[in-house]
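A.B. asks: Fit chain B to the supplied structure of chain A, relying on the hints for placement.
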Amino acid sequence: SQTIHQWPATLVQPVGSPLSLECTVEGTSNPNLYWYRQAAGRGLQLLFYSVGIGQISSEVPQNLSASRPQDRQFILSSKKLLLSDSGFYLCAWSVATSGGETQYFGPGTRLLVL
Amino acid sequence: KQEVTQIPAALSVPEGENLVLNCSFTDSAIYNLQWFRQDPGKGLTSLLLIQSSQREQTSGRLNASLDKSSGRSTLYIAASQPGDSATYLCAVAPRGTYKYIFGTGTRLKVLA
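Quick mapping for you: the protein sequence lines, in order, are chains A and B. The first sequence begins at 248 in the numbering used here and counts up by one. The second sequence begins at 484 in the numbering used here and counts up by one.
Same shape as in the complex, but just chain A (with noise of 0.2 Å):
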């Protein structure tokens, strides 16, 4: 069975900083990955999604990136963080099937800026 992995659970980071968040999926090829955030009181954005190593599409100009080093671990990094990154980060994951594509969420990373 599929599953996915993300860490740290939480983070606090003071303003500057640089970040790390990482994600696995086992269990599965060649997946689709993306990275959404969620502020508080807003739903989820899209950050970034990948369809394949080292391919990543970026949906909207931010303080974030993401690589795609393996085909199934997603970074997502900044190297200086502002008091504006802080949410939940959420990793999901999808395949295509006969059924559709249904996006697999990972538990989430909290993050907060100090």
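Worth flagging that the hints you see were computed from the coordinates, not collected in a lab. Idealized CB from N, CA, C, for every residue including glycine. Worth double-checking, as some hints may not be accurate.
The list that follows gives simulated cross-link-like pairs (lysine to aspartate or glutamate, DMTMM-like), each with its CA atoms no further than 25 Å apart [to be verified]:
id, chain 1, residue 1, chain 2, residue 2
1, B, K551, B, E539
2, B, K582, A, E306
3, A, K326, A, E306
4, B, K551, A, E348
5, A, K327, A, E306
6, B, K582, B, D510
7, B, K525, A, E273
8, B, K582, A, E269
9, B, K484, B, D550
10, B, K582, B, D522
11, B, K525, A, E306
12, B, K525, A, E348
13, B, K484, A, E273
14, B, K582, A, D332
15, B, K582, A, E273
16, B, K484, B, D510
Which bits of chain B does chain A cover? Going by a derived footprint, with three or more residues having C-beta under 8 Å, they are [to be verified]:
id, region
17, 518 to 527
18, 582 to 593
Just a few of them, taken from the derived set where beta-carbon distance is under 10 Å, the chain B residues facing chain A [claimed, not checked]:
id, residue
19, V487
20, Q489
21, I490
22, Y514
23, N515
24, L572
25, A574
26, A576
C.D. replies: Chain B in isolation, oriented as in the chain A frame:
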């Protein structure tokens, strides 16, 4: 630009009631629509996926319908239970893309 709206934002009902959550979207050119459940501080769990060619999907006490022409979907929960308390999110994938656009959710509380 596709926009997804969910009404109501919050809902509190006594246990045992049947209830309907609403989702509307502005562009009917969608690939599919998905309903998710999110418990506080947790990730999202997929409940039902409706392809653009389908009218409804059922899973246990849940039934989701899709009316593309009017840009609406409803999630029907039968015989609600306290364990159903969570935030329910609706998301649509515009045609030609797998990038879901999410509504802001309906926060449901079922009282024992």
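A.B. asks: Next, verify each hint and record whether it holds.
C.D. replies: Hint by hint, here is what the structure shows:
no., hint, verdict
1, K551(B) x E539(B), "holds (11 Å)"
2, K582(B) x E306(A), "holds (10 Å)"
3, K326(A) x E306(A), "holds (19 Å)"
4, K551(B) x E348(A), "holds (18 Å)"
5, K327(A) x E306(A), "holds (19 Å)"
6, K582(B) x D510(B), "holds (14 Å)"
7, K525(B) x E273(A), "holds (19 Å)"
8, K582(B) x E269(A), "holds (20 Å)"
9, K484(B) x D550(B), "holds (19 Å)"
10, K582(B) x D522(B), "holds (22 Å)"
11, K525(B) x E306(A), "holds (23 Å)"
12, K525(B) x E348(A), "holds (22 Å)"
13, K484(B) x E273(A), "violated (34 Å)"
14, K582(B) x D332(A), "holds (21 Å)"
15, K582(B) x E273(A), "holds (21 Å)"
16, K484(B) x D510(B), "holds (8 Å)"
17, 518 to 527, "holds (count 5)"
18, 582 to 593, "holds (count 7)"
19, V487, "holds (8 Å)"
20, Q489, "holds (9 Å)"
21, I490, "violated (13 Å)"
22, Y514, "holds (7 Å)"
23, N515, "holds (5 Å)"
24, L572, "holds (7 Å)"
25, A574, "holds (8 Å)"
26, A576, "holds (7 Å)"
Going down the numbered hints, you'll see the structure goes against 13, 21, while the others check out.
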